[in-house]
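Work out the full structure, taking the sequences as your base and the hints as a guide.
Residue numbers (UniProt numbering), protein chains in the order written: chain A, 1 to 165; chain B, 1 to 165.
On the chain B side, residues computed to face chain A include the following (Cβ under 7 angstroms): (1) N39; (2) S49; (3) A56; (4) I99; (5) Q132; (6) V151.
Pulled from the structure, derived: some chain A residues nowhere near chain B, Cβ distances all over 10 angstroms: (7) A107; (8) G121; (9) Y135.
If you're looking for bench data, these hints aren't it; they were derived computationally from the structure.
Using N, Cα and C, we set each Cβ at its ideal position, and we do this for glycine too.
There are 2 protein chains.
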Amino acid sequence: MRKWLLPLIPIFALALPSRGEETNAPAGERIALPPAYKNFRVIGLSQRSDDQSLRAILGNDVAVEAARAGKTNPWPNGAILAKLVWKQKQSAQFPAATIPDAFSSVAFMIKDDAKYAATAGWGWGEWVGLQQKPYDKAGFARECVACHSTVKDQDWVFTRPGELP
Amino acid sequence: MRKWLLPLIPIFALALPSRGEETNAPAGERIALPPAYKNFRVIGLSQRSDDQSLRAILGNDVAVEAARAGKTNPWPNGAILAKLVWKQKQSAQFPAATIPDAFSSVAFMIKDDAKYAATAGWGWGEWVGLQQKPYDKAGFARECVACHSTVKDQDWVFTRPGELP
Numbered sequence: 001m002r003k004w005l006l007p008l009i010p011i012f013a014l015a016l017p018s019r020g021e022e023t024n025a026p027a028g029e030r031i032a033l034p035p036a037y038k039n040f041r042v043i044g045l046s047q048r049s050d051d052q053s054l055r056a057i058l059g060n061d062v063a064v065e066a067a068r069a070g071k072t073n074p075w076p077n078g079a080i081l082a083k084l085v086w087k088q089k090q091s092a093q094f095p096a097a098t099i100p101d102a103f104s105s106v107a108f109m110i111k112d113d114a115k116y117a118a119t120a121g122w123g124w125g126e127w128v129g130l131q132q133k134p135y136d137k138a139g140f141a142r143e144c145v146a147c148h149s150t151v152k153d154q155d156w157v158f159t160r161p162g163e164l165p
Numbered sequence: 001m002r003k004w005l006l007p008l009i010p011i012f013a014l015a016l017p018s019r020g021e022e023t024n025a026p027a028g029e030r031i032a033l034p035p036a037y038k039n040f041r042v043i044g045l046s047q048r049s050d051d052q053s054l055r056a057i058l059g060n061d062v063a064v065e066a067a068r069a070g071k072t073n074p075w076p077n078g079a080i081l082a083k084l085v086w087k088q089k090q091s092a093q094f095p096a097a098t099i100p101d102a103f104s105s106v107a108f109m110i111k112d113d114a115k116y117a118a119t120a121g122w123g124w125g126e127w128v129g130l131q132q133k134p135y136d137k138a139g140f141a142r143e144c145v146a147c148h149s150t151v152k153d154q155d156w157v158f159t160r161p162g163e164l165p
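Now the structure itself:
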């Protein structure tokens, strides 16, 4: 490398997207990976018999406040829902329990009814596996919307917040 | 009420335990309801076929940091695990999904190997239903320890933290 290029490296580095956003950065209907999602709080959970998986549905502060206040139809702009998916397995120590096996994916819905007007008011994204490979199939968001259209009367969200004391 | 008693009311009120701690306050082997548990972060989840329930296992900051660092054998003192339990039902909108129905209970394990030396180094407690009625059967903690003895080689905790990116 020629010496005169070296001072440019730190500047260029600042412009790089952070880990996990390399190929699924905001562009058109795509969203960026919300960086803090592992610290979101729990809103719901599910088990799926069709693909043998367990899912935790977490929310950012805006989403959790809306869920606890019962104000989820519509969800407020700024709400982010994260669905963490694990393959399931039987517990060796407690055979009646089904527990997480390998991590599968994390999917997001980000509410912004202006920015994402073309996709039902939500931004949609999914990252697969521990490497968080973006699921960037063409038309991905429209595929999400098509499936979620069965719950358009509850603002396109399947998850109903779990009852809490 | 005699007038001279009135000024005492605010002082007395300060000494009252907060909601949910009335009859299960620390005394011997009992623990108090950790007030912030709904804001704990997710560590694991499970579905139980024996009682048709879904469970989210949450942790306080000490527990979550230990889980993410893989330092859970033993769990550090100060770790609190909260197990939120819902009865399960089939989703009407997505029949392959099992989702939470009514809230059942919340159970806790609080690690303090000195304070709770008599009960495997953990404080144990459970509160039932939306009213959070303390489950205060005599010998409750020893019953917990007896069941959890099958996992004493993993510090008496069934939950293994879910794999995360």
